Amino acid sequence: MKRRKRFAGVMALATGLLLSACATSANNSGGGASGAPTEEEKTPPKLTNCTNKMKNDAPQVSVWAWYPNMPNVVDNFNENHTDVQICWNNVGEGGDEYTKVQTGISAGKGLADVVMLEADRLSSFSIQNALVDLAPYGADEVKGNFREGAWKDVSQGDKVFAIPVDGGPMGMIYRTDVFKKYEITPPATWDQYAATAQKLKDAGGPHFGDLGSNVPALFMALQQQKGAVPFGYDPAKPQDLTIKLNDQASKDVLNYWADLVKRDLVDTQDHFTTDYISGVVSGKYATYVSAAWTPGYLTGAGVGKGSSKGVWAAAPLPQWDAANPVSVNWGGSAFAVTTQAPNKRLAAIVAKGMYADPASLEEGWKKQIIFPLSKTVQDSPDFVNNKSEFFNGQTANKDVYVPAGNAYKGTVYAPIQVYYYAQLQAQLAKIINGKTTGDQAADDLQAQIVKYAKSQGFNVTA
Amino acid sequence: MSHATAVDTPSPLNQPTAPAVSPRRRSLNERKKSRTGWLFIAPFALVFVAFLILPLVYAFYLSLYSKGLATGVVFAGVKNYATAFTDPSFLRGVWFVLRFAVVLIPVQMLVSLAVALVLDALTTYLARFARLMIFLPYAIPAVIGALMWGFLYSPTFGPMQQLANIFGANAPFLLGPDLVFVGLMNVVTWQWAGYYMIIIYAALQGIDSSIYEAARMDGANAWQIAFRIKVPMVSSALLLILVFALIGTLQFFSEPQILQPLSNGTITPDFTPNIYAFSQAFSYANFNYASAISFALGIVVFIAVYVFLFFTRKRGSVFT
Amino acid sequence: MTTTSIDAPVGAQTTSRGNGRRPQPGSGHHILAYLFLGVLVVYFFIPIWWLFVASTKDAAGLFNGSSGALWFDETFALLPNLRDLFTYNEGIYVRWVANSLFYAIAGGAGATVLCVLAGYGFAKFRFRGRRLMLAVLLGSVMVPLTALVIPTFILFSNLHLTDTVWAVILPSLLNPFGVYLMQVYTAEAVPDELLEAARVDGAGEIKTFFRVALPLLRPAVITVLLLSIVGVWNNFFLPLAMLANTKLFPITVGLGLWEGQASGNNSGGANLWGIIIIGALVSVIPLIIAFLALQKYWKGGLSLGALK
Numbered sequence: 001m002k003r004r005k006r007f008a009g010v011m012a013l014a015t016g017l018l019l020s021a022c023a024t025s026a027n028n029s030g031g032g033a034s035g036a037p038t039e040e041e042k043t044p045p046k047l048t049n050c051t052n053k054m055k056n057d058a059p060q061v062s063v064w065a066w067y068p069n070m071p072n073v074v075d076n077f078n079e080n081h082t083d084v085q086i087c088w089n090n091v092g093e094g095g096d097e098y099t100k101v102q103t104g105i106s107a108g109k110g111l112a113d114v115v116m117l118e119a120d121r122l123s124s125f126s127i128q129n130a131l132v133d134l135a136p137y138g139a140d141e142v143k144g145n146f147r148e149g150a151w152k153d154v155s156q157g158d159k160v161f162a163i164p165v166d167g168g169p170m171g172m173i174y175r176t177d178v179f180k181k182y183e184i185t186p187p188a189t190w191d192q193y194a195a196t197a198q199k200l201k202d203a204g205g206p207h208f209g210d211l212g213s214n215v216p217a218l219f220m221a222l223q224q225q226k227g228a229v230p231f232g233y234d235p236a237k238p239q240d241l242t243i244k245l246n247d248q249a250s251k252d253v254l255n256y257w258a259d260l261v262k263r264d265l266v267d268t269q270d271h272f273t274t275d276y277i278s279g280v281v282s283g284k285y286a287t288y289v290s291a292a293w294t295p296g297y298l299t300g301a302g303v304g305k306g307s308s309k310g311v312w313a314a315a316p317l318p319q320w321d322a323a324n325p326v327s328v329n330w331g332g333s334a335f336a337v338t339t340q341a342p343n344k345r346l347a348a349i350v351a352k353g354m355y356a357d358p359a360s361l362e363e364g365w366k367k368q369i370i371f372p373l374s375k376t377v378q379d380s381p382d383f384v385n386n387k388s389e390f391f392n393g394q395t396a397n398k399d400v401y402v403p404a405g406n407a408y409k410g411t412v413y414a415p416i417q418v419y420y421y422a423q424l425q426a427q428l429a430k431i432i433n434g435k436t437t438g439d440q441a442a443d444d445l446q447a448q449i450v451k452y453a454k455s456q457g458f459n460v461t462a
Numbered sequence: 001m002s003h004a005t006a007v008d009t010p011s012p013l014n015q016p017t018a019p020a021v022s023p024r025r026r027s028l029n030e031r032k033k034s035r036t037g038w039l040f041i042a043p044f045a046l047v048f049v050a051f052l053i054l055p056l057v058y059a060f061y062l063s064l065y066s067k068g069l070a071t072g073v074v075f076a077g078v079k080n081y082a083t084a085f086t087d088p089s090f091l092r093g094v095w096f097v098l099r100f101a102v103v104l105i106p107v108q109m110l111v112s113l114a115v116a117l118v119l120d121a122l123t124t125y126l127a128r129f130a131r132l133m134i135f136l137p138y139a140i141p142a143v144i145g146a147l148m149w150g151f152l153y154s155p156t157f158g159p160m161q162q163l164a165n166i167f168g169a170n171a172p173f174l175l176g177p178d179l180v181f182v183g184l185m186n187v188v189t190w191q192w193a194g195y196y197m198i199i200i201y202a203a204l205q206g207i208d209s210s211i212y213e214a215a216r217m218d219g220a221n222a223w224q225i226a227f228r229i230k231v232p233m234v235s236s237a238l239l240l241i242l243v244f245a246l247i248g249t250l251q252f253f254s255e256p257q258i259l260q261p262l263s264n265g266t267i268t269p270d271f272t273p274n275i276y277a278f279s280q281a282f283s284y285a286n287f288n289y290a291s292a293i294s295f296a297l298g299i300v301v302f303i304a305v306y307v308f309l310f311f312t313r314k315r316g317s318v319f320t
Numbered sequence: 001m002t003t004t005s006i007d008a009p010v011g012a013q014t015t016s017r018g019n020g021r022r023p024q025p026g027s028g029h030h031i032l033a034y035l036f037l038g039v040l041v042v043y044f045f046i047p048i049w050w051l052f053v054a055s056t057k058d059a060a061g062l063f064n065g066s067s068g069a070l071w072f073d074e075t076f077a078l079l080p081n082l083r084d085l086f087t088y089n090e091g092i093y094v095r096w097v098a099n100s101l102f103y104a105i106a107g108g109a110g111a112t113v114l115c116v117l118a119g120y121g122f123a124k125f126r127f128r129g130r131r132l133m134l135a136v137l138l139g140s141v142m143v144p145l146t147a148l149v150i151p152t153f154i155l156f157s158n159l160h161l162t163d164t165v166w167a168v169i170l171p172s173l174l175n176p177f178g179v180y181l182m183q184v185y186t187a188e189a190v191p192d193e194l195l196e197a198a199r200v201d202g203a204g205e206i207k208t209f210f211r212v213a214l215p216l217l218r219p220a221v222i223t224v225l226l227l228s229i230v231g232v233w234n235n236f237f238l239p240l241a242m243l244a245n246t247k248l249f250p251i252t253v254g255l256g257l258w259e260g261q262a263s264g265n266n267s268g269g270a271n272l273w274g275i276i277i278i279g280a281l282v283s284v285i286p287l288i289i290a291f292l293a294l295q296k297y298w299k300g301g302l303s304l305g306a307l308k
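Protein chains in written order, with this note's numbering: chain S, 1 to 462; chain A, 1 to 320; chain F, 1 to 308.
These aren't lab readings, by the way, just hints derived from the structure by calculation. Please read these numbers as outputs of a predicted model, since none were measured by experiment. Using N, Cα and C, we set each Cβ at its ideal position, and we do this for glycine too. Incorrect hints may have been included.
[Unchecked claim] Derived coverage of chain A by chain S (criterion: at least 3 residues anywhere in the stretch with Cβ under 8 Å from a Cβ of chain S; other residues may be distant):
| hint | segment |
| --- | --- |
| 1 | 61-73 |
| 2 | 150-156 |
| 3 | 203-216 |
[Unchecked claim] Below, computed lysine-lysine pairings styled on DSSO-like, alpha-carbon distance capped at 27 Å:
| hint | chain 1 | residue 1 | chain 2 | residue 2 |
| --- | --- | --- | --- | --- |
| 4 | F | 296 | F | 207 |
| 5 | F | 247 | S | 53 |
| 6 | F | 247 | S | 55 |
| 7 | S | 398 | S | 367 |
| 8 | F | 207 | A | 32 |
| 9 | S | 237 | S | 451 |
| 10 | S | 454 | A | 32 |
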């Protein structure tokens, strides 16, 4: 009897503790507001769980990032700073890290001060009041070092939610051996792309390319290239969202690729799978519509070595209208400051300075880890004239990626970007399986996303 | 106590035989026993309440609220649950896991039971090696499963494809829309058969072998011993496994989640209810709705388990 | 046979058990049984064979190998892979192995202790609220753990225990299935009469438990211990959610980290695929050792015949 009473007492007390301590947390995600620099600055606590070692006793800022050369990046920063030190951990790449970020936001604590985020995720977190607007913290100091498109990707209106690091200007890489064998040349327009693909097929060659359903970000970029503007969002009016997913441009691109699939001119394998990589290696795909970081990725997967050595070249992305070329971007990441950071000023210093020094950037691009967005690097002759080993000595940066990056105008990402990607992926899968047409997919997608946005409380302009 | 008695009464001895007392006055002995009982379960109960019940209560509390990305938190009461039970994604997922459970569990149990019986009957070195081999898949971390099955199921260079190449045919893609059921069944059976086998085997090892001698003297052969003696004597362990396998299968998560990148779009973010809850929580930041989906799934599991126990109540079990 | 001392049952158990030899079935059944086992062993073994073969390949061989998935490549890269495994990132893998060992032993052993005690309590004592407790226990596992991640995270945050070893060990102590399992095993293996006899002889409950019940439960305890250890060893999602410090990761989360890097675009040329696969292979070895070490406890099992 007594035992049970004590039990109940303990349980009640614990429940009370738990609920009271966090009655506000999961329901009020994020925590503190992204205030002005006049906010009281707290000295951040000494952090003990760092992968790297400190170089001095300055206050510490915690960082989550997954670049493979982060140990050097962090050391480079720590050695050159006496005002702040970085405490870094790699808590996962992409989705895995985002799971932790979301957990930290929902719980109201446990988030690092600075997190590496891909640009298309920023809205999803900023709308939960989890990211600090860096405009009041000197974002302007570094703005000049980035191109217009790169800066737009990390901004919403006047607010700047992250400092860019790397990007993914798009181009088309192709197999020189296949092209030589079948006497074809890189197409400059999408019409030519389809025609060349047909020619290759008729001659008994491999698939000209591959449409993967698991790369919705890539597909969105392709739609943007024809003029689609999927989303309009201004944090000044955070409850308004413009959604335009079934305009003619979006439909045209969907129809185009659906047609290529139907005519069996492109394969339908998901990207980044073992089958896909082996296909790339064995020349199963004559071209790969991809981004500047692709060679690095492929090299890590063993492509470009052995039998597939020196058979790759880079060409600009085919255009819809050769007279008015449009450049697009796929991927890229940046450093954002979270609202859970105890000292936002120091965190902003880290976000601006990390991976921005010459040593880190040089290692980054020389080892094919990143395509840096820093103008200082992009304008340097070393970078522009770099003869890429993957591309058999071609100056791929000069020919393709730097011009593409320069011309890129930036994208507006929605707070519901992830949900949109998932639905786009489902539609692409349907197209691949022949279960829907491009037009229908666009209309269905528009209806789904509008419905979802409304259920999330947005005022939707369709 | 003779052998015969032990053989004739295979029902599990779950209910401790306590002397009947009037409900009014429990003897000192009874109360002492009661206190001791609590003493033994106290350590577990403490951890259980702290790390399972408390979070569960809080999760339930969250499921009663609704939060839009653009709006604040709003008390929703049972609205989330109404939405969940009419959500086509949730319902489709439930339908899938129900079908999956109905097919998978008998297959898995039969394999595990058969193996456990065979291993129980043989004691050679070969049998012991087999025991290790069958247990091993359970020891492989699921994280590596994706890579492993990616290669094994690969339509390009998997062993099935290589076999099919001999005949000039195309091996079926076991994670494609038509065959994903089979493909997943294979992965799960492979991963978990050893786990259940070990449990049944340990229970079988606990039976006194002299019972078999007596039965043999009465003229029973190996099959009869297996099915008339061994199986009934481990029936409570079997029932336990069946219930937990049912719960686990309805909560199907790890294998499809890990294999999703390999499935060329077949495994969607709402493929099973548990995966759907996960997507809602961590991809779309809808934690409140995710909580409601989880509890809705819990309700489905509860009904399924209740129905199952209802149909097996005659056997008597640890649950009744 | 009545026991005159509480130690007698152990002795009785041994003699009635003999050497644990099982009577062999007829030779015809023998062949069938071995055939059946053989087929199954092949089925279970093929993917493990793949793992071994794959660990001897480098990335190029893996994705574009000459002999397919199940046979060795021209380049035999086992030793280089091993070397890379233990030197990558300053040997963080060794740290992960140590972490996994620590979590699995602490968590697994701890869980087993709680399960054995609770199973015994449920099986052998009738107390008020027993049925309710069992029902709550069963009910609580019906809600998927997905719902509990964030609340548990909040709970540990409030206790300032996130990103510590306790965040992994404490939740690992929970094994409701283990409790039920121990209850079933205890009910079958420990006769009430034996306990009553001990009590009549004046032994306290604790002593009765340790001297009478526990020896009879040895195979069951070993089973639950083995399954708990493997369960904690292979736990992925819980440590992933709770830990941010790479130095505290168990092997599963560590491999997941590398796999994410390799699948994305960030291996920076390092031989990540090679070390992921061989890392997985190496991580299975301690479990094999544990299995082999513990399996001898299955002989000499629970005995109903001790009362003869």
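Hints versus structure:
1. By the rule of at least three residues with a Cβ nearer than 8 Å to a Cβ of chain S, the coverage given for the segment 61-73 of chain A holds, with 9 such residues.
2. For the segment 150-156 of chain A, the proposed coverage by chain S is satisfied: 5 residues have a C-beta within less than 8 Å of a C-beta in that chain, meeting the threshold of three.
3. Note: the segment 203-216 of chain A has 0 residues with beta-carbon separation from chain S under 8 Å; the three-residue rule is not met and the coverage is violated.
4. Proximity of residue 296 of chain F to residue 207 of chain F is assessed by CA-CA distance (about 26 Å); at most 27 Å being required, the pair is judged to hold.
5. For a cut-off of 27 Å, the pair hint linking residue 247 of chain F to residue 53 of chain S stands: about 13 Å separates their Cα positions.
6. The suggested pairing of residue 247 of chain F with residue 55 of chain S holds, with an alpha-carbon distance near 19 Å, which does not exceed 27 Å.
7. Under the criterion of a C-alpha separation no larger than 27 Å, the hint pairing residue 398 of chain S with residue 367 of chain S is consistent with the structure, at around 17 Å.
8. Among the hinted pairs, residue 207 of chain F with residue 32 of chain A is consistent with the structure: their alpha-carbon atoms are about 15 Å apart, no more than 27 Å.
9. The suggested pairing of residue 237 of chain S with residue 451 of chain S holds, with an alpha-carbon distance near 19 Å, which does not exceed 27 Å.
10. Taking the CA atoms of residue 454 of chain S and residue 32 of chain A, the gap is about 61 Å. The hint is violated against a cut of 27 Å.
Of the numbered hints listed earlier, those contradicted by the structure are 3 and 10.
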